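Based on the hints, put chain B in the right spot on chain A.
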Amino acid sequence: MNRTSSIALVVLLAALGLGMTYFVQLGSAQRIKAEQRLIDSGHLLDLIAPDSYDNQPLEHPITIEATPLTNSTLLGGYLATRGDQPVAVLLRSQTPGYAGAIDLLIAVDANGRLLGVKTLKQLETPGLGAKIADWPNAWLRVFSGKSRTEPGDSGWALKKDQGQFDQIAGATITSRAVINAIHDALRYFDEHRQQLLGIPAHG
Amino acid sequence: MNTGNNYSESLPMDSSSTLRNALMLTLLIGATHSLMAALGLCLMFMVVTELFSLAMGVLRSRLVPATCLLASILLAATLTSCAELMAQVWSLQWQQHLGFYGALIALQCVVLEHTGFFQNGWRQRLRLNGLFATLMIALGLLRELIGNGALGNPLSWLSGATQTDWQGWVLMADGGLRLATLVPGGFILLGLLIAAWQAWRPTPTH
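Which chain is which? The protein sequence lines are A and B, in order.
Numbering follows the numbering used here, with no gaps: position 35 of the first sequence is 35.
Numbering follows the numbering used here, with no gaps: position 44 of the second sequence is 247.
Please note that a few of the clues may not be correct.
[To be verified] Which residues of chain A face chain B? A partial, calculated answer using Cβ under 7 Å:
(1) R3
(2) L13
(3) S28
(4) Q30
(5) R31
(6) I32
(7) E35
[Claimed, not checked] Derived lysine to any residue pairs resembling SDA-like cross-links, with alpha carbons at most 25 Å apart:
(8) A:K33 - B:S294
(9) A:K33 - B:W293
(10) A:K33 - B:R381
(11) A:K33 - B:L301
(12) A:K121 - B:L295
(13) A:K121 - B:Y304
(14) A:K33 - B:L295
(15) A:K33 - B:N323
(16) A:K121 - B:Q296
(17) A:K33 - B:H300
(18) A:K146 - A:I64
(19) A:K33 - B:L307
(20) A:K121 - B:H300
(21) A:K121 - B:R381
(22) A:K121 - B:S284
(23) A:K121 - B:F335
(24) A:K33 - B:W297
(25) A:K121 - B:L354
(26) A:K33 - B:A280
(27) A:K121 - B:L301
(28) A:K33 - B:V292
(29) A:K121 - B:A280
(30) A:K121 - B:G302
These are computed hints drawn from the structure, not numbers from a lab.
Values in this document were obtained by computation on a predicted structure and should not be read as measured data.
Built from N, CA and C at the ideal position, the CB exists for glycine as well.
This is chain A alone, in the form it adopts within the complex:
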């Protein structure tokens, strides 16, 4: 146990350590990536019924440049298809809430009907506005089945703003932000329906 043999041993240990870590990382990268994809899709795609589509929507995002709408910004979207028919469009929308930005995932079916809304990120007051982050969510479920025509454009507001929807108790600003973001997304869908669904324009 002299100095040179110690140093040689340490260098050998460094090489072995680096090599082993590299190989373990190489061997496991595939599986970890597949697992991560599974987790992501489980998290994002539980808005649409799993047997209604047969592609991998997360693999084929729709290219929407960050489009500012009246009250929110569209960050991107995914298309779910079955066979070649578009089944649903998932739009990611960001809107300023009470304490920060709220990220929403809004699922619209091919006819413009809402399939569901899910909160991805929020910074609202815990116990009040943060209730939008619970899943499954009773308040957000109210919007399923609504569309731009039902209720009409003036119905897409809180009851106290002469609209049709109840707010979350104690979280007026959050509720208003979510409703406006959903309405914006529905309007955008209507205006860009063909481009989003990938149906060639019929002239």
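Relative to chain A, chain B alone:
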């Protein structure tokens, strides 16, 4: 060996054990926000420290003391990286739930080696490991129960099932005291547990 009275003598508090205990405190408070995180960290900690002590036992006799620190750093880093990768392959969700506290195990190994922990008898190491594991699991259980009002289903983590609608074993219907899952609540709970322990086993008067 008599128990009870010489409990405080068999674990001397000096500067080296202060450093060791301080690092353990980080893990105790940071990784016990839920029962699954505590269990995961305990498991990883046991495995990594055991492998580390075996390897260092072999290396220590062949190394000049000056290079021991460097060797222990390399060994700890390798073992912890491989352990984290293996844990990710086993259950990615579980490992992500741990956050970054898994990496602190490497630092803990180096500190333990530096303060000569692995050269103690296996009895003392077992006792300290057992104490650490019990404390982590107890804290994790309590913090999750009090903080969330319900205990999540452990099996769903392992089998990879996502988003079961079952709320777990519900203790309190309205969601519990959120403070308990945050770091200040962890400190408060640990303090209360230590106070209860000291009240139950009074330290001997000198």
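Hints, verified against the model:
The criterion of a C-beta within 7 Å of any C-beta in chain B is met by A:R3, whose closest approach is roughly 6 Å, and the hint holds. Taken as an interface hint, A:L13 checks out: its beta carbon lies about 5 Å from the nearest beta carbon of chain B, inside 7 Å. For A:S28, the shortest C-beta to C-beta distance to chain B is roughly 5 Å, which falls under 7 Å, so the interface hint holds. Given the 7 Å rule on beta carbons, the hint for A:Q30 is violated: about 10 Å separates it from the nearest Cβ of chain B.
The interface hint given for A:R31 is met, as the beta carbon of that residue sits about 5 Å from the closest beta carbon of chain B, less than 7 Å. Residue-level restraint check for A:I32 holds (minimum Cβ-Cβ distance to chain B is 5 Å; threshold 7 Å). About 4 Å separates the beta-carbon of A:E35 from the nearest beta-carbon of chain B, less than 7 Å, and the hint is met. Straight-line distance between C-alpha atoms of A:K33 and B:S294 comes to about 12 Å, which keeps the hinted pair within the 25 Å bound.
Note on A:K33 and B:W293: the hinted pairing holds, with a Cα-Cα distance of about 13 Å set against a maximum of 25 Å. Taking the CA atoms of A:K33 and B:R381, the gap is near 33 Å; set against the 25 Å cutoff, the hint is violated. Taking the CA atoms of A:K33 and B:L301, the gap is near 18 Å; set against the 25 Å cutoff, the hint holds. Of the pairs offered as hints, the one joining A:K121 and B:L295 holds, with about 21 Å between alpha carbons and a cut-off of 25 Å not exceeded.
In summary, the hint linking A:K121 to B:Y304 is supported, as the alpha carbons are separated by about 23 Å, within the 25 Å threshold. The hinted pair formed by A:K33 and B:L295 meets the criterion: a straight-line CA distance of about 9 Å does not exceed 25 Å. Restraint check: the Cα-Cα separation between A:K33 and B:N323 comes to about 42 Å, which exceeds 25 Å; the hinted pair is violated. Taking the CA atoms of A:K121 and B:Q296, the gap is about 18 Å. The hint holds against a cut of 25 Å.
Of the supplied pair hints, the one linking A:K33 and B:H300 holds, its CA atoms being roughly 17 Å apart against a limit of 25 Å. Distance restraint check for A:K146 and A:I64: the Cα-Cα separation of roughly 24 Å lies within the 25 Å cut-off, and the hinted pair is therefore satisfied. A C-alpha spacing of about 24 Å is found between A:K33 and B:L307, which places the hinted pair at or below 25 Å, so the restraint holds. For the hint linking A:K121 to B:H300, the alpha-carbon distance of about 17 Å falls within 25 Å, and the restraint holds.
Restraint check for A:K121 and B:R381: the C-alpha separation of about 19 Å stays at or below 25 Å, so the hint holds. A C-alpha spacing of about 30 Å is found between A:K121 and B:S284, which places the hinted pair above 25 Å, so the restraint is violated. A distance of roughly 35 Å separates the Cα atoms of A:K121 and B:F335; the hinted pair therefore is violated under the 25 Å criterion. Only pairs whose Cα atoms come within 25 Å are accepted, and A:K33 paired with B:W297 is accepted, the gap being roughly 15 Å.
The hinted pair formed by A:K121 and B:L354 meets the criterion: a straight-line CA distance of about 24 Å does not exceed 25 Å. With a C-alpha separation of about 23 Å, the suggested pairing of A:K33 with B:A280 holds against the 25 Å cut-off. A hinted pair counts as satisfied when its Cα atoms are at most 25 Å apart, and A:K121 with B:L301 qualifies at roughly 20 Å. Under the criterion of a C-alpha separation no larger than 25 Å, the hint pairing A:K33 with B:V292 is consistent with the structure, at around 9 Å.
Proposed proximity of A:K121 and B:A280 is contradicted: the alpha carbons are some 34 Å apart, above 25 Å. With a C-alpha separation of about 18 Å, the suggested pairing of A:K121 with B:G302 holds against the 25 Å cut-off.
Checked against the numbered hints listed earlier, the structure breaks hints 4, 10, 15, 22, 23, 29; every other hint is satisfied.
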